[in-house]
Structure formats: structure tokens, C-alpha cells
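*Asks:* Line by line, the protein sequences are chains A and B.
Each residue of the first sequence is one higher than the one before, starting from 1 at the first, in this note's numbering.
Each residue of the second sequence is one higher than the one before, starting from 291 at the first, in this note's numbering.
Keep in mind that the hints were calculated from the coordinates and are not lab data.
A virtual CB, placed ideally from N, CA and C, is assigned to each residue, including glycine.
Derived DSS-like pairs (lysine-lysine); straight-line CA-CA distance at most 30 Å: (1) Lys52/A - Lys530/B; (2) Lys192/A - Lys588/B; (3) Lys391/B - Lys470/B; (4) Lys588/B - Lys134/A; (5) Lys566/B - Lys192/A; (6) Lys470/B - Lys436/B; (7) Lys530/B - Lys566/B; (8) Lys91/A - Lys588/B; (9) Lys52/A - Lys153/A.
Have a look at the derived ranges for each label pair, beta carbon to beta carbon: (10) Gly124/A - Thr328/B: 43 to 49 Å; (11) Ile145/A - Val557/B: 21 to 27 Å; (12) Ser520/B - Gly108/A: 40 to 46 Å.
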Amino acid sequence: MTKIQKIYLILLITGYLLLITPASAARLYFEPQELTIGTSREFSVAVNIDAKDRVNAFSAAVAISGPLIPFDINEANSVINFWIEKPNWDKTTRLLTFSGITPGGFQGEKGRLLVIKFKAEKEGAAVLSFDKGKTKVYLHTPDAIEDSLVLEKIQLPIVKGKENIGVEIPDNDPPEWFSPEISQDPNIFDGKYFLVFATQDKGSGIDHYEVCEGSKTKCATAESPYLLQNQKLNQKIFVKAIDKSGNERMATIEPRYPLKWYELWWIWGIIILVIIALVYYVVEKNKKRN
Amino acid sequence: MMNVFNNRQKILINILAVFVVLFLPLSALSESSTLTITVTQPPTTPSCGDGSCNGSETCSSCPTDCGSCPSGGGGGGGGGGGGGYIAPITSVVFSGRAYPKSTVTLLKDAQISATTIAGTDANFQISVSGLAAGNYIFSVYGEDNKGIRSSLLTFPISVTSGATTNVSGIFIGPTIAVDKSEVKRGDNIAIFGQSVPQADITVAVSSDEEFFTKVKSDAIGAYLYNFDTSDIEMGQHYTKSKAAVDGEISSFSKAISFLVGTKNIAVGLPTKCPAKADLNSDCRVNLIDFSIAAYWYKRPISAEFKLKESERLNGDGKVDLVDFSIMAYYWTG
Chain A
1 MTKIQKIYLI
11 LLITGYLLLI
21 TPASAARLYF
31 EPQELTIGTS
41 REFSVAVNID
51 AKDRVNAFSA
61 AVAISGPLIP
71 FDINEANSVI
81 NFWIEKPNWD
91 KTTRLLTFSG
101 ITPGGFQGEK
111 GRLLVIKFKA
121 EKEGAAVLSF
131 DKGKTKVYLH
141 TPDAIEDSLV
151 LEKIQLPIVK
161 GKENIGVEIP
171 DNDPPEWFSP
181 EISQDPNIFD
191 GKYFLVFATQ
201 DKGSGIDHYE
211 VCEGSKTKCA
221 TAESPYLLQN
231 QKLNQKIFVK
241 AIDKSGNERM
251 ATIEPRYPLK
261 WYELWWIWGI
271 IILVIIALVY
281 YVVEKNKKRN
Chain B
291 MMNVFNNRQK
301 ILINILAVFV
311 VLFLPLSALS
321 ESSTLTITVT
331 QPPTTPSCGD
341 GSCNGSETCS
351 SCPTDCGSCP
361 SGGGGGGGGG
371 GGGGYIAPIT
381 SVVFSGRAYP
391 KSTVTLLKDA
401 QISATTIAGT
411 DANFQISVSG
421 LAAGNYIFSV
431 YGEDNKGIRS
441 SLLTFPISVT
451 SGATTNVSGI
461 FIGPTIAVDK
471 SEVKRGDNIA
481 IFGQSVPQAD
491 ITVAVSSDEE
501 FFTKVKSDAI
511 GAYLYNFDTS
521 DIEMGQHYTK
531 SKAAVDGEIS
541 SFSKAISFLV
551 GTKNIAVGLP
561 TKCPAKADLN
571 SDCRVNLIDF
581 SIAAYWYKRP
591 ISAEFKLKES
601 ERLNGDGKVD
611 LVDFSIMAYY
621 WTG
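For reference, chain B alone in the conformation it holds in the complex (with noise of 0.2 Å):
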């Protein structure tokens, strides 16, 4: 077949086959996950039988659901209550791990709904109820021994009426510090944080090559690892973590910065408190911040303002999607 082309036309048909063979399956990677999202609807229509005592069963015509009726001994039983029909619960129920004693927090379009504290073992189970049938933006975030927080796990999640539906699997990234801003080249920056109990912790730190080391969690989630600045460049890297425990690998951390130089400027403990877009100073960031940034969009900033919007967000001198975006991603509800 290939005897028809001329040289120009196999060159051609190389080159494209080399990068079909490269990339395409590239292209058809996506992000492994083992969240599991199941949709449990209860009958339609209320039957005997079916546990719950609806419609229009009662003791007498259906005591399996409704449990005996209670035997009068002597004077005529009174009228048995009408059995109305209690509507099924709309809810979603949103389970896995997070930190050991850690709160985790689900916010529904970005608005905290509810909060719950997870076991020893950093499993945890949350839910929310009452909701309307439609599309919601859920989103969870756990808050480590230190008070530092994880990055958002968001899920956009289509909720039937009537129905329950369990997001279970989630698996919350580990927190992640380090303790120096700028570490001296050849020094050892040590970059740390917590995540589930004995799980195997990958460290990414990136550079013109990126490199990958594993450290193990102790048994309440937290992992140090020190890592030796003399293979890396000067200049400004980011480092990342992930865990992996029985088979299940959680989603990365948040990316923190630190520089390579020529001294060592130690960071204090870490704190709680979002590294941007924290308008008002409460340490959240949610609907007030994004009050205070809307009232100054596509208006000049005042002086005061200017200062705040060069500390907390891009620094352009102006409110604008940019800012917003900053703001997106440190959000805290």
C-alpha cells in the first residue's frame, strides 16, 4: 500500500502517525476517581409491603408496614387516624475521608449547608435535605488539626425529587505547609500536612523536572517530608501532595509556592486564614468578600481600597474578572 505514496506523502503520514500514536491517548486520559454517585428512589406509588406506612394503608389494612393494630378490651376502639401521605425526602448524602477529628464542611452553591466532624479513622458522612429537584453545585473541604484548610472537591450533582443521592468515595486532598518562604539552595525545606491515618503520601515538587517522593502518614493523618533544595534551580517552585490508602487515591492539594535562593526566611506556624481574596479579614472568604469586590467593579477603587486590592487580590489597581477568579478559588463559604 505504502509503495503508492511518494516520499513526501510517507513523511507526511509518519509524522501524523507519531503524533496519533503519542497523544491521542493522551487526550482520552481523564482524572481517575473512585467517586461513586448512586440515585435511590423509593416506589412511586406506596404499596404493602414497601417499609413505610403510606398512602392509604393503616394498622388493619396493612400491618406489616403499619404494625398491629391495638386491641380494645372492653369499650368500642375509637376511629383509626387517617394515614396521609408523607411526601419522600429530597436529599444528598455525601460520605468518605478527610482528616482524623477533622470538620468537614459542604457548602451548597458555594453556601455553607451543614458541617460534621469525622471519625478517628477520617471517614466522615454528611447530608443535606430538603432540597428542590434540579442542578446544585456541592462542594466539600475539610479543616485539618492546625485549622488549615484543604482545597474545594466540588461536584456538580443533578438532584431528583423524592429521591436520595449518595456521592460516596470522596476523598479529600491533604492539607500541605512548609516552613519557609525562602529556603538557601542546598538547604532542606521541610513541606508537611495531614491526610488519612498510615497512608502513603506522594510529594510533588516542581522545577524544570518534577520530582516525586513518597512519605508515610503517622496514625493521625500527618506527614513531614524534608526535602533537599540542591537538585532544584533558584527561583520560584511549587509543591503539591496526594494520598493513596487501600487502593483509593485522593485528589491533589493545594499548590503552595516557596523560593529557592540565597537565605532562609522561615514562615510562622500556619494559619487558617486564606493566602488571598480574605476582603473583610474574618478569614473566610464567601459572600461578604465578593460584596465588598462587587461594589467596586468597573468603579475607580478608593486609596484604601487600592492597598487591599493589591494585598489580596491581583494587584492590577482595578476589580475586575481577574479578581474575581482569585476570589473563586479561595473560597471558603
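Bound-form chain A, shown alone (with noise of 0.2 Å):
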């Protein structure tokens, strides 16, 4: 066989081995800030889908060897609009585990689901990989069809001295704005009133939500969905969103069955008051005449 024949003969079999490929695989995959990694600063590593069909649910297990802590994980910026279970680092399993929605689908190439932020204990080499069994995609179907998927994994020299680079960029803008909403079933609380919330922030990601019932100072830490203190609904309730460099974004929600003005304390206080200004005013002039 020539050389060419040979070259030929390979380029049919590379074609052959794109086609056998799933066509319609979506391809998980790490896109580390860079592939050598040093061992005195912090580094990221984005977690991506290239999606090939359009696919609308996602639950994925990190597995994480080698000498790395993940310490944060950014949220931000994912394709991911609701979480089912938030990003979680086992470190028992090594695992970092989440799973999510993107309601009407994601499909395309570069799709962030999340950016995990490590520190390297000390040199030596580090693996990411996909667990098979604990990660899936479900194509955006009305029967929800799993899709096949390419799992890549990265391997990760770390060295020691390296510095990597810092891409912090401050963000100063609060969380996007939201509306928590009241609601109430038969299937979950008892049928007690409930607040339904959720929202993006672009820059850090959101950190928590708070919830504060009747005054914005009396405050609580909550997750959606959060089963209302006050039944009555007869009070004002604040939601606040807050990412992780602090900036807040506060939503207000107005009383169902707002107080009658005779509930209100500080009317009868008002009352109360002007009352004795004229049984006072009353007795001082009275006082005068005789």
C-alpha cells in the first residue's frame, strides 16, 4: 500500500468512526481556565454541554480524584434555569452532584451548567470525569427520552510555583428582578399557604434567598418552596435574593387580606393619643372658666 492509499484508507475509516458516534449525542466535558495548574492561587474549571438535540434536563456527578478541593461553585451565567438538587461536593464519595431544568430546552454548543472554583492541595495530577450511572440528559420530548451521551473526562497537572491566572471580575449588580408568588395545594403543606421564588444573578450567582414576613428586619433564610409563618396573609412579605458579593435584590409582596384600619395597633394608639389631648384640653379649659 502506497502512502497515499494508506492516508486515503485512513480518512474513510475516520469518517466511518465520526458516523458510528451517536448523531444525536449530547457531549459533556470540562473547559479548565488552563491545563497546567499551579498550586498558589484558586482556578476554575466550567463544566459545558454541547447539545446536538435539544435537551431540557440535566443530572450529572463530578467525580473529582487527585489532590483538589472545589470550594465554590459558580452558578451564573448556567443554562440550567431551576435547580432540582443544588450543587453538592460529597467529600466522602468525591462527588459534586446536581441536576436542573432549562424549560423549552437548550440546544447548541458551550452550554455553561456550572464553573467550579478548587484549590490544589499540593502537586501531582488531578482527574474530572463524569460517573456513567449518576449522570443523564433527557431530550426536550413530551415523553422525556434520555439522550445518549459523550462523557469526556480532563486530566490535570498541577504544579507547584505555577501561578495561575486570577479572572476575578467584581460584580456590582444586584440579582435580576423577581416575583415570588403566593400559592396553595392539596399535595404539599397540608394545603397551608406557600411562596414560590427564583431568579439569576449573571455576575456571581445567587448565594441565598431570605424571606421576611410583616417587617423587612425579621428576616429568615429560606428556599423555595417556603411554607408561610402567617396564614392570615394579612402582611406585607419582602423576599430578598442575595448573590455572592453581597448585592441584594428585595421583592415585596402586598397583603392578600390586608388589616381592617380597627386591627391596626397604631390606629388605636393615634385614638388613643388624640383622645387624651381633648379630655386634657377639655379639663384645661374648664380649669380656666372657673
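Please dock the two separately framed chains into a single complex, following the hints provided.
*Replies:* In C-alpha cells, the structure reads:
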């Protein structure tokens, strides 16, 4: 076989191999900030998806081996709009798990699922891979068909003394506007009123939510769905979304059944004061007359 | 060159060549789309003549942008107000075709952001502003004159700070409904819906062999096709449609199913309620339904909820990712 013939054969085989790769497979892969990691500073690795067909539900388990410690997960700019399970790092199994959905679906390349921020403990080699049994993607179809997946892993050499590039961008923007909703359903919370809310922060990602019932200062860290303490719905509700940079966005829900004027203590306070003032005035006037 | 190969090599090469010729062009095919995304960014440095009175421009330093200064009749004129810099607006504008006089809804990251009414020509424009720079998933859908919703058209868009992103050429797929849930083989089933006026509607019916037919929509965009079921097998079939007008082609409608069997079962008037995933029965699939499902995720479900799960989700007696995928498909915001 001549050299040209060999090249021809290799090209044909490559073409064939490309064809036998599942045509609709979604590709899950890692995009590290740099291909070689230093021990002295933090660095980040994005978890991305290339979806040939429209997909709408994701569940993944990222196995992290080697001297790496994930210390922060950034969900900002993720194609996942609602998290079923927020990213969670289990030290024992060394698995980072998460799941969520994209209503309407996502189709395209370089869809960001999340960004993992790491610190390297020491030099060596780290491997990031997907747990095949726990990683699933579903097609955007009426019956939820599981998509075939191409799961890629990555090996990252960790070198002592190398400075990782710092790519911190200051986030001064509060989370996006949002409209919490009060709802009631016999299937959850024994039919009691609950609150649902969700928003996104495109800079640093949402850190947490707080729900304040009746007063802006009487707040509790909350997750949606949140069982309301005040089931009478006669007070204002404030929902704060706070991002990882501390920026805050607050949404207000007006009371559905506002208190009547005679139920407000401060109205009675004013009335009592006015009465006292009047009595005092009358008494003083009478004294002067006498 | 081929003489050097033995017979086995020749066969292998020929098989591979056939595969490459037949299938490679298919894999390179992508959905044709006329969607256009443009980003318009105002000049970063305000300059006299850019059409905006901004930066340090005043009526005296830049009358072109700020207009002429009022001339004082007698007394000394007051000091001019400081021309504060107005930050450019970050916005996204969507435009395209829906259905005449239909409600078009825009979702930003799966939550309703704005709605508008399309014109009698089915054209619409809808915008959202006050955004932070970043990646967003925008979706639009239309609601026809019977309240039937189209499928969601989704656009992942990277928004640039201070710029206006225009997404034009959106063509929302037709709505679709059938008059029977089961049709006696040999009888007709009516497939109908709404799209843009005077469009060519392609109706596809899936079977062993897929059937395609073209009908024309009327002045209000309504279309009707009576499909003869003589030529298709007994069993479950799906139908969907798409529209073409002025060289533009819409996305496909939702696919809806019907059964070809031994009797006719009529379906009532088309309903605007999603076929599945509406857990609180408000005819919408949104964050409330997601929250109800999330409450039962990986928990043993109650007897009452089991009924709902079998009716509105995948009916396997538990809430898992499959159910959330169904919910994401039927999402309305």
C-alpha cells in the first residue's frame, strides 16, 4: 500500500468512526481555565454541554480525584434555569452532584452548566470525570427520552510554583428582578399557603434567599417552596435574593387580606392620644373658666 | 491505485465510501433558520454629533445634540444644568411572526418577562430592558384565537452591557389540534390550527411512511386539513405542522397524537391547558408546579399526589428527573 492509499484509508475509517458516534449524542466536558494548574492560587473549571438535539433536563455527578478541593460553585450564566438539586460536594465519595432543568430546552454548543472553583493542595495530577451511572440528560420531548451521552474526562497536571491567572470580575449588579408568588395546593404543606421564588444573578450567582414576613428586618434564610408563617396573609412579605458578592434584590408582596383599620394597633394608639389630648384640652379649658 | 488493494480492502473501502457519501452530508445538515441576531452598541465615549446629549455636552458646547440654548430677553440667564451621563440601556428586542391578534409571551430564564399582541398581519415586536450583562435563555410562544399555545421557541443569548441585541426573523410554529382522539380507520380526521395569513402550511402525519400535505391558511391564519386515514396503519400516530410565507419557514408546531382504531372518539374544543405537568390545575406550567414536584422529589409520594403524578407526569409512582423533563417540555411560565 502506498502512502497516499494509506492516507485515503485512514480518512475513510475516520469518516466512518465519526458516523458511528451517536448522531444525537450530547457531549459533556470540562473547560479548565488553564491546562496546567499551579498550587499557589485558586483556579476554575467550567462544566459544559454541547447538545446536538434540544435537551431540557440534566443530572450529573462529577468525580474529582487527586489533590484538588472544590471550594465554590458558580451557577451564574448557567443554561440550567431551575435547580432540582443544587450543586453539592460530598467529601467522602468525592462526587459533586447537581440536577436541574431548562424549560424550553437548550440546543447548541458550549452551554455552561456551572463553574467549579478549586484549590490545589499539592502538586500531582488531578482527574475530573463524569460518573456514568449518575449522569443523565433528557431530550426536549413530550415523553422525556434519555439522550445518549459522550462523557469526557480531563487530566490536569498540578505544578508547584505556577501562578494561576486571576480572572475575578467584580460583581456590582444585584440579582435579576423577580416576582415571588403565593400559592396553596392540597398536595404539599397540608394545603397551607406557601411562597415560590427564583431568580438569577449573572455576575457571581445567587448565594441565598431570605423571606421577611411583616417587617423587612424580621427575616429568615429560605428556600423555595417556603411555608409561610403568617397564614392569614395580612402582612407584607419581602423576599431578598442575595448574590455571592453581597448584592441584594428585594421583591415585595402586598398583603392579600390586608388588616382592617381597626385591626391596626397604631391607629388605636393615635386615637387614644387624640382622646387624651382632647380630654386634657377640655379639662384645662374648664379650669380656666372656673 | 486500486490495484494495490486486495479484494477485502476494496470491499471495505467501498462500504466506507458509501457511508461517507450517504451520511456525512446528513450530519452536516442543520436546521435552516432565518433568525438574525444583531447587537447595537452605542459609542462608548460620548461625542458631539452622536445624537445623544450626554457626557459633558451642553447646549452651548454641543447644540447639535442638546439643542440651542434659550436666549435670555433681559436679565442674566441662569446657569445651565449639568449634563449628567446617561448610561446606555441594556436591552433585547425580539421581532417576528406569530398569529394575527395573538398574545405573544416572552420568557426570560423561564419566567414571564413581557407580553404583547401581534398585529393583524401576525407581526410582533417585544422587548426587555434593564438587564445585567450575561447569558440568558429567552423563550417566546404565541397563543392563537382559541387560546391554544404554540411550542416554546428558545434562544440562548449572551447580553452585552449597554448594548441592544435585536433578535429578528422569529417565526413561531403554527398551533395544532385534531377533532378526534381516536378515528375509525378509513374515516377522516380534521387537523387544524392557526398561523400567519395566506401561508403554506405543511401538515406531517407520522406512520411507517411519513405523509406530508400542504394547505393554505386563510385571511386570519386559520388552516384545516381533513386527513384520510385509509392509508395508515392502526395504532398511535402523531401529527405536526409548519408554515412558510415569503421564503421564511416557521419552526414545527407541537406534535399531537391520535389513535387509528375501530371507532371514532371526538375530542372537545381545544383547550389552552397543557396536556401534562400542570400540577395545580391553573392551566399553566410554571415555578409553582416545579415547586410542587420538587417537594416530592426523592420522597415517597402521598396517595393523593400519586393520582396526580399518574395523570400529569410519567405515572411511575415517583418524582424524578423524567418528570421534570416532561415539565420543562410543557412549560408556559
